[in-house]
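J.: Residue numbers (our numbering), protein chains in the order written: chain A, 1 to 333; chain B, 334 to 666.
For the record, the hints were derived by calculation from the structure and aren't laboratory data. A quick note: this is a predicted structure, and the numbers were derived from the prediction, not measured. The C-beta atom is built at its ideal place from N, Cα and C for all residues, glycine as well. A few of these clues could be false.
Derived DSS-like pairs: lysine-lysine, alpha-carbon spacing no greater than 27 Å straight-line [stated by the list, open to error]:
hint, chain 1, residue 1, chain 2, residue 2
1, A, Lys115, B, Lys342
2, B, Lys603, A, Lys115
3, B, Lys387, A, Lys36
4, B, Lys639, A, Lys115
5, B, Lys387, B, Lys577
6, A, Lys244, B, Lys369
7, A, Lys244, B, Lys448
8, A, Lys270, B, Lys387
In silico contact screen, one side only, chain A against chain B (beta carbon under 7 Å); selected entries [unchecked claim]:
hint, residue
9, Ser35
10, Ala38
11, Leu141
12, Asn142
13, Glu153
2 protein chains.
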Amino acid sequence: MSLDTPVAKPHDRLAATLDADLAEVNALIRARMASKHAPRIPEVTAHLVDAGGKRLRPMLTLAAARMCGYGGPYHVHLAATVEFIHTATLLHDDVVDESAQRRGRPTANLLWDNKSSVLVGDYLFARAFQLMTETGNLRVLNILSDAAATIAEGEVLQLTAAQNLATTEAIYLQVVRGKTAALFSAATEVGGVIAGADDAQVQALFDYGDALGIAFQIVDDLLDYQGDAKATGKNVGDDFRERKLTLPVIKAVAMADAEERAFWSRTIEKGDQRDGDLDHALDLLHRHGTLDATRTEALTWAEKAKAAILTLPESDLRDMLADLSDYVVARIN
Amino acid sequence: MSLDTPVAKPHDRLAATLDADLAEVNALIRARMASKHAPRIPEVTAHLVDAGGKRLRPMLTLAAARMCGYGGPYHVHLAATVEFIHTATLLHDDVVDESAQRRGRPTANLLWDNKSSVLVGDYLFARAFQLMTETGNLRVLNILSDAAATIAEGEVLQLTAAQNLATTEAIYLQVVRGKTAALFSAATEVGGVIAGADDAQVQALFDYGDALGIAFQIVDDLLDYQGDAKATGKNVGDDFRERKLTLPVIKAVAMADAEERAFWSRTIEKGDQRDGDLDHALDLLHRHGTLDATRTEALTWAEKAKAAILTLPESDLRDMLADLSDYVVARIN
């Protein structure tokens, strides 16, 4: 998701404050992405790593560690770990989704091929585990390997939940926690753990990342139906065309009459889509107010994130993270 | 590769000796393969995990740990880790190779789909890292995360090396070390490390696994050109049809005259294959004696494996591993 909007940018303030740390993260990422034996690896990854990724997740780790007073070197390793896991999942998601655009550029699997996307993603996962092992901190290893399992589980759950009208909001939330929030919450949590923060602080950091990630994903799913393709780098209706059951549609299905239900069943479950179907889908979402309801949920999660982070001792970084929770939902507010 | 032959079976003797440990490994694999949230995961993996996998790699870990006097519980975790990494790479390999058979049964991606293969593979990788983290031993974490990176690097290198007649035997060896031997050597090495073996013993265990894995893969590549499809579960000439440049062909290309070179360039580099090409390829391999030369290399690596393991103190398990190195090449001997 692009974070460019004309409003205040806590993201840029974080980047400025964490400037020196971020430079180290970027250097470490470049160094570990290299492969002596397989030059195709940096070719494939450079495309993703340089393509306007805003380093949101690594900044969460750096900010969490710094605001908890960390002075060691390993927050940089953990930030790079988190970015490698994120990039690996993007590569594997490209194979999976056959999505035509990612960050406004052709996906890796159109420039390269499925083989490269799968194997280079595996390489980045392995690099991520090497990096986190170098910290020597078993607790962060537990958190990050648990997160990796939760992410994969969420993606697999999405496979079965998508295209199935029986998917509930509870299952949607589980998918979102897996595919998005698990890495956000691990990113903030390991920042606190590496800094030796106390349990209450680590829990607050986890809760912040969890709620922020959920808000972030709901916004993404909402913008898929009402976003500006130029700003989001996604085409309106991609999720509909890919038959992904996201919150606006789940809510509309729950309110559907027999005829509407038949429409959703044909287009999402059976994948029989015709000209005008997307417009009709948008019409149904508006008619039942589910885009507004989805927007309200995103705002609620952003508020939860802010409330969690504000339990921590006051600091500039804390306030930037609190502002970030507003910012994530600014595009729909 | 199937290890069923009428000759003596060190593999079965290992399985009998390590019976109790193996039962624990199998129980742990079943427990960790389960997913509360995504029931498709065990459906996909059960197909691979139950389908006649002989647990060769986990047995290497168990045997190495036991022969070095280990009495703790973590060799079981490490053996399950190794099998999960192996199964994950098989799943991702299925996506990659579009191979029609794996262990004599349809591949997961024909029964399921590419999406499931990629994401369930990722889940198993994550589960592997959780398991190895539970050992609390940073040295085994280093070894296994390095191995995971080497495996992925080898697979990517294979992508560029395959279909390229400039591929040398040195590059082939690097690919084989990556895609096969890295996990064998990590399997034996971590067995020694978890048991607290001294450096010379750990090195011998590594050397054994490395040479055994190389022999194993060369045999596999050789049998692709001269095996019995019923025994190997592979069709003769799969590698040729998939344009994989393996040792028999690399050696033949090195000895090719202009006309032969044009043949290899057309069939392997350009992928323009016609009726009778496989027969002609086999004819060239026989004419230049490259199948025999490949066989000799496999035997040499098996001897290296045996020599390495025989530097360790005498024990029944040690002798079974020595016999195993003969056994791996028995089908071509």
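J.: Which earlier hints turn out false for this structure, listed by number in ascending order?
T.: Hints 1, 3, 4 and 8 are the ones this structure does not satisfy, whereas the remaining hints hold.
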